[in-house]
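Can you make the complete structure from the sequences, with help from the hints?
Protein chains: 2
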Amino acid sequence: MPELRREPVSGRWVIIATERAARPTDFQTNHHQPVKNSFCPFCEGNEDKTPPEIMAYRGNGSKADSSGWRVRVVPNKFPALRTEGEQNIHGEGIYEMMNGIGVHEVIIESPKHVVSLTELGNGNVEDVLRSYRDRLIEIKKDKRFVYGLLFKNVGVAAGASLEHTHSQLIATPIVPQLVENEMERAEAFFNNSSKCIFCDMIQQEIAVGKRIVTSTEKFISFTPFASRFPFETWILPKKHETHFENLQKFEIDELANVLKNTLAKLESALDFPPYNFIIHSTPFNIQKSEYFHWHIEIIPRLTNIAGFEWGTGFYINPMPPEEAAEILRKK
Amino acid sequence: MPELRREPVSGRWVIIATERAARPTDFQTNHHQPVKNSFCPFCEGNEDKTPPEIMAYRGNGSKADSSGWRVRVVPNKFPALRTEGEQNIHGEGIYEMMNGIGVHEVIIESPKHVVSLTELGNGNVEDVLRSYRDRLIEIKKDKRFVYGLLFKNVGVAAGASLEHTHSQLIATPIVPQLVENEMERAEAFFNNSSKCIFCDMIQQEIAVGKRIVTSTEKFISFTPFASRFPFETWILPKKHETHFENLQKFEIDELANVLKNTLAKLESALDFPPYNFIIHSTPFNIQKSEYFHWHIEIIPRLTNIAGFEWGTGFYINPMPPEEAAEILRKK
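Residue numbers (UniProt numbering), protein chains in the order written: chain A, 1 to 331; chain B, 1 to 331.
If you're looking for bench data, these hints aren't it; they were derived computationally from the structure. These numbers come from a predicted model, not from an experiment. Treat the hints loosely; a few may be bogus.
To be verified - Below, a sample of chain A positions facing chain B; criterion: calculated Cβ distance under 7 Å: (1) 1; (2) 6; (3) 15; (4) 82; (5) 121; (6) 123; (7) 149; (8) 152; (9) 177; (10) 220; (11) 308; (12) 315; (13) 316.
Unchecked claim - Between beta-carbon pairs, the in silico distance windows are: (14) 264/A / 239/B: 29 to 35 Å; (15) 67/A / 268/B: 28 to 34 Å; (16) 192/B / 137/A: 36 to 42 Å.
Cβ atoms here follow ideal geometry from the backbone N, Cα and C, with glycine treated the same way.
What follows is the structure in structure tokens.
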């Protein structure tokens, strides 16, 4: 009998096919096949092929938009939103719209043509996470924007157009619906129980153990109880932390290790799958929050979204998260 | 400047790239390429290759699970949910789950190996819609199920595993989250305005005209103001109708015509794109509803869903619906 499971934070229902579980080798389509491009605008030496850099971690004496950097942040050449202008909310009868203002940046994670974050040295991964934090702190100062989403697309099937390892940051003038939904449900849980729903979940995952992928002093990664996708994996700080951008240096170092390790396990189990990861953090305009806890969601893109999912918001997952975690723990 | 638009029923935000609009020829990937399979279990003569039929429209004297049918409904051989058993809601600490009971049926739309609904004669399309209605009426009698989603996946990129033209029906023991969300927002709109939000939208679309694809006496198809995807198209009855299964014969005939015509326009403009369509109707356990209005959502699958969409619930649509409608009207 398949099982219907509800993800407590989002309220999403997932159908877990507990009977005929898939094996990692069942997901052979759309794998991320590293192919060297003939020309890559993200490689060191090609700095003039991107818009001028916003920020970079550089060696002493090296100049902006020249070589000598470790991590480099540039505006997206084809931005989804534009930085100039005001929000200007207006209506048209029943409809509501506003100007598409926002920020759309690309974090180039290495000067070398490397196609996975897991190929980077630990210090380099720490630099990447530090750049995430630094950009959020900077963008937060612009009061037009209330949210900043950090995300990563790896592989064509996951929406990547360039293979050189990179992440993106999009800041928006409104809190995204999915985040708002998670916040509302987490707040309702807090109002009922005086507890953070994420802290509760972490406690239960540690007690049960069967969905844990890695656990360190400060961080845990596990396959969520109601995973939408095979091998979906979340990373959370064990302590109640609201904003990603409040991360301290020693926490960044440990997170870099957990992130790289978790991704390496996925790559090993699934032969370099296409994947997305996204970071959900508390909106900029909420200073303190007792109920929202930042987290990273890693989504391997192995299955197709079809009519049933589009029509219901249900997901069908042929891989029970308990089995996925067991496979990942061994990698 | 891109435009942020909000879909009034779901509350979804969409980024419409009004500046650099795409052209239909920009979407060249993943097109639905009809390929004849060597063996097709849905073709007439192969009735023993599917589970025994639940219902079929047949010529006089022809027997169940033999040839002589026009439309045939069979259980899905690999069902997402199982018909036997009880709901049995239970918890595990913070988590909630239940048995995966439900109905999962396949509507085989033609005895011939045809790969698009648009290749069927009008009478045949009417039979398909009539089978949708008849199955909903039948399944509704089982009080364990509160919702039935009719949907269609066309092309591998849209999740189809067989090309022979078919639709699916999944009935669930709970109202899907997306439908519940639409119902809640529609109810709130009704409580504020004493009007059905869909009726209001239809009125505005007719007045404005620029997003209409087809309009007949009883039905309208248009590209929604906040289309998530290029060429997304909705079909609605102009009169306030709550349940798809309440359709009368003369309405079915007209809807068959509008559906076939709208799909033919999409196939002509986009060279047989992969697509999904889904039907949202009022849940079985709500007899009357002044605020919810059934509708068909057709989603061509031309663009990729990536980290930003997964993290926010926003969609980026490079094709303004006004331009899409203009292209479709001319086809």
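Okay, the hints, checked on the actual structure:
no.	hint	in the structure
1	1	holds, 5 Å
2	6	holds, 4 Å
3	15	holds, 5 Å
4	82	holds, 6 Å
5	121	violated, 24 Å
6	123	violated, 25 Å
7	149	holds, 5 Å
8	152	holds, 6 Å
9	177	holds, 4 Å
10	220	violated, 15 Å
11	308	holds, 6 Å
12	315	violated, 10 Å
13	316	holds, 5 Å
14	264/A / 239/B: 29 to 35 Å	violated, 58 Å
15	67/A / 268/B: 28 to 34 Å	violated, 51 Å
16	192/B / 137/A: 36 to 42 Å	holds, 40 Å
Of the hints listed earlier, those the structure fails to meet are numbers 5, 6, 10, 12, 14 and 15, in rising order.
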